[in-house]
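Trainee: Starting from the known structure of chain A, arrange chains E and Y on it as the hints suggest.
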Amino acid sequence: MRHVFEEELNQLNKDMITMGSMCENAIQTATTYIRYQTADKNAEIVDIVEQINHKERDIENMCLKLIMQQQPVARDLRTITSALKMVSDLERIGDNADDIAEIVSMNNIPTADVEAIELIDMAKAANEMLSDAINSFVKRDDELAKKVIDTDDAIDNYFNNIKLKLAEDFRDSSHNLDSVLDLFMISKYFERIGDHSVNIARWVLYMITGTLEGNTN
Amino acid sequence: MNSEQFQKKIQAAKKTDKVVTTILYVIGGFFLVLLIVLAAYILIKGAMGFKPSYLSFTSEGIGNQFFNTLYLVVLSLIISVPIGIGAGIYLAEYAGDNKLTAVIRISIESLSSLPSIVVGLFGYLVFILMTGMDWNLFAGALAVSILSLPSITTTTEDALRSLPKSYKQGSMGLGASHWKAITSVLLPACFPRIITGVILAAGRGFGEAAALLYTAGQSTVLNWHNWNLTSPTCPLNPFRSGETLALHIWVLRTEGSLHANSTDIANVAAAVLIILTLVFSLGARQITRNITKKATGE
Amino acid sequence: MSENIKISVKDLDLYYGSFQALKKVNLEVAEHKITALIGPSGCGKSTFLKTQNRMNDLEKGVKIEGQLLLDNKIDIYKDIDAMDLRKRVGMVFQQPNPFPKSIYDNVAYGPRINGIKSKAKLDEIVERSLKQAAIWDELKDRLTKSALGLSGGQQQRLCIARTLAVEPDVLLMDEPTSALDPISTSSIEDLAQELKENYTIVIVTHNMQQAVRISDYTAFFLLGEMVEFGKTEDLFAAPKDPRTERYITGRFG
Numbered sequence: 000m001r002h003v004f005e006e007e008l009n010q011l012n013k014d015m016i017t018m019g020s021m022c023e024n025a026i027q028t029a030t031t032y033i034r035y036q037t038a039d040k041n042a043e044i045v046d047i048v049e050q051i052n053h054k055e056r057d058i059e060n061m062c063l064k065l066i067m068q069q070q071p072v073a074r075d076l077r078t079i080t081s082a083l084k085m086v087s088d089l090e091r092i093g094d095n096a097d098d099i100a101e102i103v104s105m106n107n108i109p110t111a112d113v114e115a116i117e118l119i120d121m122a123k124a125a126n127e128m129l130s131d132a133i134n135s136f137v138k139r140d141d142e143l144a145k146k147v148i149d150t151d152d153a154i155d156n157y158f159n160n161i162k163l164k165l166a167e168d169f170r171d172s173s174h175n176l177d178s179v180l181d182l183f184m185i186s187k188y189f190e191r192i193g194d195h196s197v198n199i200a201r202w203v204l205y206m207i208t209g210t211l212e213g214n215t216n
Numbered sequence: 000m001n002s003e004q005f006q007k008k009i010q011a012a013k014k015t016d017k018v019v020t021t022i023l024y025v026i027g028g029f030f031l032v033l034l035i036v037l038a039a040y041i042l043i044k045g046a047m048g049f050k051p052s053y054l055s056f057t058s059e060g061i062g063n064q065f066f067n068t069l070y071l072v073v074l075s076l077i078i079s080v081p082i083g084i085g086a087g088i089y090l091a092e093y094a095g096d097n098k099l100t101a102v103i104r105i106s107i108e109s110l111s112s113l114p115s116i117v118v119g120l121f122g123y124l125v126f127i128l129m130t131g132m133d134w135n136l137f138a139g140a141l142a143v144s145i146l147s148l149p150s151i152t153t154t155t156e157d158a159l160r161s162l163p164k165s166y167k168q169g170s171m172g173l174g175a176s177h178w179k180a181i182t183s184v185l186l187p188a189c190f191p192r193i194i195t196g197v198i199l200a201a202g203r204g205f206g207e208a209a210a211l212l213y214t215a216g217q218s219t220v221l222n223w224h225n226w227n228l229t230s231p232t233c234p235l236n237p238f239r240s241g242e243t244l245a246l247h248i249w250v251l252r253t254e255g256s257l258h259a260n261s262t263d264i265a266n267v268a269a270a271v272l273i274i275l276t277l278v279f280s281l282g283a284r285q286i287t288r289n290i291t292k293k294a295t296g297e
Numbered sequence: 000m001s002e003n004i005k006i007s008v009k010d011l012d013l014y015y016g017s018f019q020a021l022k023k024v025n026l027e028v029a030e031h032k033i034t035a036l037i038g039p040s041g042c043g044k045s046t047f048l049k050t051q052n053r054m055n056d057l058e059k060g061v062k063i064e065g066q067l068l069l070d071n072k073i074d075i076y077k078d079i080d081a082m083d084l085r086k087r088v089g090m091v092f093q094q095p096n097p098f099p100k101s102i103y104d105n106v107a108y109g110p111r112i113n114g115i116k117s118k119a120k121l122d123e124i125v126e127r128s129l130k131q132a133a134i135w136d137e138l139k140d141r142l143t144k145s146a147l148g149l150s151g152g153q154q155q156r157l158c159i160a161r162t163l164a165v166e167p168d169v170l171l172m173d174e175p176t177s178a179l180d181p182i183s184t185s186s187i188e189d190l191a192q193e194l195k196e197n198y199t200i201v202i203v204t205h206n207m208q209q210a211v212r213i214s215d216y217t218a219f220f221l222l223g224e225m226v227e228f229g230k231t232e233d234l235f236a237a238p239k240d241p242r243t244e245r246y247i248t249g250r251f252g
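Chains as they are written, first to last, in numbering that gives the first Met the number 0: chain A, 0 to 216; chain E, 0 to 297; chain Y, 0 to 252.
Same shape as in the complex, but just chain A:
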């Protein structure tokens, strides 16, 4: 039996969960900024994103070490390679949250404009997708992972609706163009967060079933 390896895999699992919740935290913080226009406390999210980046390095190092030392196969191989792929998606999610916070901090967006579109709902949906993706990893739940992949359409819908609304606003010269552009950017970032969550869910699915979606074999 490979006790040391088992322990290390457990540690990897824990680290993945920690990193996942950091990312959830980042999205929630960014969402709070949007809602309450409190981006002056920007420092908070910078801190979180820094932690996420650290965690990514740690996990990457650990995975490389495990591949080298243990030459994993089967489920172990899938867990470790999936983890390697997932951390880069998680890291991008952190970056996206940071980007959102930065836009908000420029104070171009009136609260009314935020409320006029479904941005907060979209943010919640994106956060839920990430949360489900992380949970599917924690529980090794392939059904939940599939659900995340399917939810991507909902996020895309939000984005399309917001885009249409913002396009209208854009044509309406009375609107603050900065606000429109910023909101468009923000919604695009949330859409990206959804995409990254889908990626994560795909790797979770691969880890569990051993088949990669879109793989013809």
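Source of the hints: derived by calculation from the structure; they are not laboratory data.
Because the structure is a prediction, the values reported are computed rather than measured.
Partial list, computed: chain A residues near chain Y (C-beta under 10 Å):
1) PHE4
2) PRO71
3) VAL72
4) ALA73
5) ARG74
6) ASP75
7) LEU76
8) ARG77
9) THR208
10) GLY209
Just so it is clear, CB atoms sit at the ideal spot from N, CA and C, and this is done for glycine as well.
Mentor: Chains E and Y in isolation, oriented as in the chain A frame:
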């Protein structure tokens, strides 16, 4: 255990090691000295009473006996080597793990511990009395073969068994038959060991007296111009009586009246016999080495 | 790509006396591919390997049921003489086992027992086989030297050359690198990869990484049963049977 005790233990072990090594060296040295002293004694004794005429083919010389000895050994090897090696191959490669094999093994063991005088008398009974022939070299060779067969058989069997299984597997894995594997790989691989067995067997022939007493006979009348193989005086006729060197020595020392100088002649004969054995042994080993070198690559 | 089946094994049972060492094994060895047999010691993988050129005929009390077909038509245990079979299905052993002969005589051994006597022909075979085994350059100037003087890795490649000299279709390798150092191991692995162009290779290995590195197909044996068989990359990335998973991930027992 603390380190001091440990050190003591090591010291004690080293001491034991030294003592045992010394004892073994002493034993080894003892044998060497014994051999040298014996050989030197015989050679010096032989040299002291030496006269060239003792080496002649007359009744005084030991030329005929010398020839008889060689001829007898060759005859006995012609008989015992094929049978002995064949039996060794059978036991090592073909014999099943059954009663028959066990019986064969016990027979070989008993055979190897037979006193040679018993073999001599058996030979007299079977090869001389039952065949109605006179004492002859061939009967002597048969008797010596009985004595040397067990050693050739067991050396061959042991030599074959000591080879790695992988030789046989490798050979048969390439499509060789079992017999082909034996002749082309196994036997060549243990050739030097088998030759050692053969040399020992030959040594038996050189030195044997008791088994030959009533088989090969104690007289030799040769006509070195007579090459009619059926004639009792033809040197190459295996069915003539032929006294060997060892037997000659025994006869000279027990029936000293045969010659005036029988003691000197016996001493010379003993020296010649010892040299003959040595030359044969060294020669055989050298030939083996050459053959092995050729067969196994340098 | 469609693959020809070189050896197909159907419902193979093998008994050592009353002990059943192989249980209803079914397997198809693809031509010009490397098939690896893995499993814990005593699982029957070496025994299975030996059935393919009847080396287990040499052992006593072996009984075989089922069918092994060579080229889809020759029943290995019925239609062909063991000696003929072994010329077509050659074997390389765990311990390098050169004969105590010269390098040349080792390689020429097989052709000679097949009755080839012409020196020119033998020279040609020896050179070709040593070249195929990627050891000609190292040995060409010392062909008359004893094979026992070679290093372990060289000996093993010599043994491969010796097997190639009888021009088999199939090469069975029984843990061919387990006695070798890592560099010799890599050279044998590379060699196996090159040889599969012209030969079908079945290899027993205890080194799972080796199976991953060089084989196209892998069969996992456990307690005389063939538990799982599939493309190597599939079997090692996503084994279907939990016993395979446990074994290859080292969580066995």
